[in-house]
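Asker: Sequence:
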Amino acid sequence: MSYFASLFGNEIQTKGGIVPTTEALANTKVVGIYFSAHWCPPCRAFTPLLSTFYEDLVEDHEDVEILFVSSDKEAAGFDEYWSQMTFPALP
1 MSYFASLFGN EIQTKGGIVP TTEALANTKV VGIYFSAHWC PPCRAFTPLL
51 STFYEDLVED HEDVEILFVS SDKEAAGFDE YWSQMTFPAL P
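Counting in the numbering used here, the sequence shown runs from 1 upward without gaps.
Mixed in with the good hints, there may be bad ones.
[Claimed, not checked] Ranges of calculated distance between the beta carbons of each label pair, as one might list FRET restraints: (1) Ala75 / Gly16: 15 to 21 Å; (2) Asn27 / Leu90: 27 to 33 Å; (3) Tyr3 / Gln84: 16 to 22 Å; (4) Lys15 / Glu74: 18 to 24 Å; (5) Val19 / Pro42: 28 to 34 Å; (6) Lys73 / Asn27: 29 to 35 Å; (7) Val69 / Ala45: 16 to 22 Å; (8) Ser2 / Ala45: 31 to 37 Å; (9) Asp56 / Asn27: 29 to 35 Å; (10) Ala5 / Glu62: 16 to 22 Å; (11) Leu7 / Asp60: 23 to 29 Å; (12) Gly77 / Ile33: 15 to 21 Å.
Hints are computed from structural coordinates only; laboratory data are not their basis. Keep in mind that this is a model prediction, so the values were computed, not measured. Think of the CB as a built atom: it goes at the ideal place given N, C-alpha and C, for glycine as much as any other residue.
Could you put together the complete structure from these sequences and hints?
Answerer: Structure, rendered in structure tokens:
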């Protein structure tokens with residue numbers, strides 16, 4: 001088991017679907033963890049800024065990743081909120 005799989009579990013949810021953590025984070029050296037929720041107004045204001053920052057960051061630093069960790073209680077809230085993000089999530 002890889003180091004990241006031991007921290008985050010065996011699967012990561014990407015925009016392309018669920019993939020093994022070892023594959024999703026294969027060339028990653030640094031992982032930022034973003035805890036947020038659909039029901040949190042300050043989080044919803046910050047998320048678009050983080051998504052833009054992330055897009056710029058990964059252009060120059062392919063070894064950096066951000067993972068979204070949801071505090072939503074319902075799948076619908078997670079799905080709607082995560083659809084606005086550009087980075088993977090923990091399922």
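Asker: Determine for every hint whether it applies to the structure shown.
Answerer: These are the hints, each one checked on the structure:
In this structure the hint that Ala75 and Gly16 lie 15 to 21 Å apart at CB holds, the actual value being about 19 Å. Our hint of 27 to 33 Å for Asn27 and Leu90 is violated, since their Cβ atoms are close to 19 Å apart. In this structure the supplied range 16 to 22 Å is violated for Tyr3 paired with Gln84, their Cβ-Cβ distance being about 29 Å. The supplied range of 18 to 24 Å is met by Lys15 and Glu74, whose beta-carbon atoms lie about 21 Å from each other.
A hinted range of 28 to 34 Å holds for the C-beta pair Val19 and Pro42, which are about 30 Å apart. Between Lys73 and Asn27, the C-beta spacing of about 34 Å keeps the proposed range 29 to 35 Å intact. The hinted range of 16 to 22 Å is satisfied by Val69 and Ala45, whose Cβ atoms lie roughly 18 Å apart. Between Ser2 and Ala45 the CB atoms are about 34 Å apart, so this pair conforms to the stated range of 31 to 37 Å.
The beta-carbon spacing between Asp56 and Asn27, approximately 18 Å, falls outside the hinted interval of 29 to 35 Å. Taking 16 to 22 Å as the suggested C-beta distance range, the pair Ala5 and Glu62 conforms, at roughly 20 Å. At about 25 Å, the beta-carbon gap between Leu7 and Asp60 stays in the expected band of 23 to 29 Å. Between Gly77 and Ile33 the Cβ separation comes to about 19 Å, which falls inside the hinted range of 15 to 21 Å.
The structure is inconsistent with the numbered hints 2, 3, 9, although it conforms to all the rest.
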